[in-house]
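All chains, full assembly: derive it from the sequences and hints.
Protein chains in written order, with the working numbering: chain A, 21 to 132; chain B, -12 to 487.
Don't take every hint at face value.
Stated by the list, open to error - Below, a list of computed lysine-lysine pairs in the DSBU-like style, where the Cα atoms sit at most 30 Å apart: (1) K389/B to K474/B; (2) K118/A to K346/B; (3) K41/A to K118/A; (4) K482/B to K90/B; (5) K68/A to K126/A; (6) K118/A to K412/B; (7) K191/B to K68/A; (8) K346/B to K389/B; (9) K118/A to K191/B; (10) K118/A to K46/A; (11) K346/B to K126/A; (12) K424/B to K90/B; (13) K191/B to K474/B; (14) K482/B to K48/B; (15) K474/B to K346/B.
Hints are computed from structural coordinates only; laboratory data are not their basis.
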Amino acid sequence: MLTYFLCLILFCVGLYAIVRKRNIIKIIIGIIICEYAVNLFLALFAYKMNGRSPIYSPRQEIVNMVDPLPQALALTSIVIGLATTALLVGIAIRIYEKYGTFDITKINRLKG
Amino acid sequence: MKLIPLFIILPLGAAFLLSLSGKRKGAFCDIFSNAITLLLFIISLITLYNTNTQILPLIYKVGGWAPPIGIPLVVDSLTAFMLLIVNFISFMINLYSVNYMEKFTAKSKFYTLFLLMVGGMNGVVISGDIFNLFVFFELASIASYALVAFGSRAEEMEASFKYMAMSAMGSLFILLGIVFLYSNASTLNMAHLSEVISNQGINKTVIFSSILFILGFGIKSAIVPFHAWLADAHPAAPAPISAMLSGILIKSLGIYSLCRIFYNVLGVTTSFLSLLMFLGAVSIIVGGLLALGQSDLKRMLAYSSISQVGYIILGLGIGTPMAILGALFHLFNHSIFKSLLFLNSGAVEYATGTRDLEKLGGLREKMPITANTSLIASMGISGIPPFNGFFSKLLIIFACIKSGYIGYGIWAIIGSVLTISYFMKFQKSAFFGPAPKELESTREVPFLMQTSMVILSIVCIFSGVIILPKFGNYFTEPAKNVLAQGKDYKDMILKVTNEK
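What follows is the structure, encoded as structure tokens:
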């Protein structure tokens, strides 16, 4: 139970960084932390004490196998996260070129 | 049946080929991507015909694996309805961008991203597996982030970053919701998920994941508390992309996924429906009021999208068959006239170089086709009787009154009045009155841009007939039945999968 709670705390740390920080790079790091918290959660709920990796071999009887699907999901979500992060960082670099700052309070040419 | 995977293979394959063509200019990219989107449109027409001749939904098993393990692609009437909208609008917009995107460099990259987005949207609509839906959702989203920043000016970068930060959070909420559902039901296939949930009853995990889904898809469909990104991202993008985003992206990624998951998989509850109704009504009024105060043409249209999406959400929230029919009909209509209006705004910007309503004026003589098509679209969206928007709004308002929600009905009528007022402002300041001196030499836009605007406006005039049962029975009526039958969806799907 404690591990789930720590995972939640990790997610909240990321959320805090997204909501409260002014630096674009820190916001991006916040998004990454949130992503990793979700991936960690995926791995956690599939975890089994003394579980065995789900690889089939003909001579063995497989007992106490962990669920392989969440691990595959975590892999997919890591790849998606990579694409998003790369794009975010790329845009952040272009924003720095245009505005000369990473501070979001100074990047305000758009009016709500 | 064999045609189903083409909806994903064709755009993705074409995007790959176009990305190889490098910076080469010329007609190849234009013709190739237009041919692909035209082909997709034709296939979606055939698919609509196929679903109408068959009672059971069509299922394609990816890789030949049977559904609880493999990923099925499912085409039922609602999917066919959405596929037709997505592919028709994307064909029209692709036709339009041939001339419009001339002023940008790297047109082949534009088409690559465009087709990736179309492939993602088709995938979201067609997928029968909830995680696969998420993957296509992200594909379409990431392509749209890049397209919003395509002009690479400072404002576009800023808007794209804002959009990306909010939308990435939305995607994480959706992923978390999927994880909770999986931990509860140990399956990702929508039909099986639905079966497990109806056997178990609704427990706390399902309620928590539905809250996460409302947050995630609410951000994507820009319902009011989550709307902040839309008003920046839609105006900043190039006009064809604004039309794509407002016309179909928020509908296929936001509204379609929301109602598919809630109506067909999790099952709707009264508290969910009343939440939707409330959010819809708030969106109508807030979007309308914000649109009224804008002087930037595209920003006004973006706020108007929020307001019109509110009608769709309100209709879905009432939940009676008539209201759902109205909501789906309004979804179709809105995708037609809002994409037409964004294309008009692009034409105005193309010809005059500005989209500030205070600097425009008197374009009616200079640009007759743009002026007339935008007049038709404005009358459609504000609900003037012979046009399509009138009937869908009427259906939603009738359904409100019939189910006893008179207050919401009045809100919807007030929203309609607001719509008329800001579109009158748009027409008056852009096309009527004296022309300023700077706009003396304005000329009409090139032929292909005119063609797509004219076709869309013709559809806008004549699609009012879908209200008649003779036409609606093939189009909106079966799509409505899919949502209205709710959790019977799983029985249909399981029947097909168990047969073979």
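Pairwise hint evaluation, K90/B against K482/B, where the allowed Cα distance is 30 Å at most:
It is violated: about 53 Å lies between the C-alpha atoms, which goes past 30 Å.
Restraint check for K118/A with K412/B, where alpha carbons must lie at most 30 Å apart
The hint is violated at about 34 Å.
For K118/A and K346/B, compute the direct alpha-carbon distance and say whether it is at most 30 Å.
27 Å, holds
Compare the distance between the alpha carbons of K346/B and K389/B with 30 Å, and conclude whether the hinted pair is satisfied.
Not OK: K346/B and K389/B at ~45 Å, beyond 30 Å, violated.
For a C-alpha distance cap of 30 Å, please report whether K41/A and K118/A respect it.
21 Å, holds
Would the pair K389/B and K474/B pass a check requiring their Cα atoms to be no farther apart than 30 Å?
24 Å, holds
Regarding the pair K346/B and K126/A, is the alpha-carbon distance no greater than 30 Å?
28 Å, holds
Does K346/B lie within 30 Å of K474/B when you go C-alpha to C-alpha?
Distance ~53 Å between K474/B and K346/B Cα, so the pair is violated.
Keeping to a limit of 30 Å between CA atoms, is the pair of K424/B and K90/B held or broken?
24 Å, holds
Quickly compare the C-alpha distance for K118/A and K46/A to 30 Å and report which way the hint goes.
It holds: about 19 Å lies between the C-alpha atoms, which stays within 30 Å.
Do the alpha carbons of K68/A and K126/A lie within 30 Å of each other, as the hint requires?
49 Å, violated
CA of K191/B to CA of K68/A, is that 30 Å or under?
23 Å, holds
The structure shown violates the earlier hints numbered 4, 5, 6, 8, 9 and 15.
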